[in-house]
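Novice: Sequence:
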Amino acid sequence: MNERFVVFDLETTGLCPQRGDRIIEVGAVLVENDLTQKEFHSFINPGKAISKAAQKIHGINIEMLTGQPASEAVLNKFKSFISSSVLISHNASFDMKFLRYEFSRLGLCLTNKAICTMKISREIFPDLPDYRLETVYRYATGNPFEKIKIHRALDDARLVAKIWMKLMRE
1 MNERFVVFDL ETTGLCPQRG DRIIEVGAVL VENDLTQKEF HSFINPGKAI SKAAQKIHGI
61 NIEMLTGQPA SEAVLNKFKS FISSSVLISH NASFDMKFLR YEFSRLGLCL TNKAICTMKI
121 SREIFPDLPD YRLETVYRYA TGNPFEKIKI HRALDDARLV AKIWMKLMRE
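Under our numbering, think of the first position of the sequence shown as 1, with each following residue one higher.
Do not rely on the hints blindly, as some may be mistaken.
[Stated by the list, open to error] Once the Cα atoms are required to be at most 30 Å apart in a straight line, the calculated DSS-like pairs of lysine-lysine come out as: (1) Lys56 with Lys149; (2) Lys48 with Lys166; (3) Lys97 with Lys38; (4) Lys149 with Lys77; (5) Lys79 with Lys56; (6) Lys149 with Lys79; (7) Lys113 with Lys162; (8) Lys48 with Lys77; (9) Lys147 with Lys56; (10) Lys48 with Lys97; (11) Lys166 with Lys147; (12) Lys38 with Lys147.
[What the hints assert, rightly or not] Label pairs and their computed distance ranges (CB to CB): (13) Pro129 with Ile57: 17 to 25 Å; (14) Ile115 with His41: 15 to 23 Å; (15) Arg19 with Asp127: 30 to 38 Å; (16) Leu110 with Lys38: 13 to 21 Å; (17) Asn112 with His41: 37 to 45 Å; (18) Ser51 with Glu146: 23 to 31 Å; (19) Leu108 with His41: 17 to 25 Å; (20) Met168 with Pro129: 35 to 43 Å; (21) Asp127 with Ser51: 27 to 35 Å; (22) Pro69 with Arg169: 36 to 44 Å; (23) Pro126 with Asp34: 22 to 30 Å; (24) Ala49 with Phe145: 34 to 42 Å; (25) Lys149 with Lys119: 19 to 27 Å.
Rather than coming from a laboratory, the hints here were simulated on the basis of the structure.
Note that CB positions come from ideal geometry on N, CA and C, so glycine has one too.
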């Protein structure tokens, strides 16, 4: 596989950017020729509360975001990081919804192609009990008992990169 792509994940204040929810963490891995070349990670201070449900999932609270940069600074850097690369994400419809909304809100253009590992996993591994990130990762890597850390953006992006490389070999 001789291709450049960026695997990314976001953590957010809630589920709907149109209702005011915002990105609070961005993690990404630039992969080229099956090797991780660079990583990107940043918290974002959303200037608003984080829903209790979201905090329960990712463990990020508003105190952790105090003093962190605003979305404009982080997303401008992220735009440079992704360049024109294909974007890979697990549940890409969720992540791309937020990314497109935030880019649009900031007057940034996002034309990158996006690919969803969750969607592809359903086609390649039709018998899994579910398609949560940890389930697909354990199945794809062949290590069902590996302890993994999930729901932090960079950790998830690293896992998705491994899933993507496995899916491309299937």
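Novice: Hint by hint, which ones does the structure fall short of?
Specialist: 2, 17 and 20
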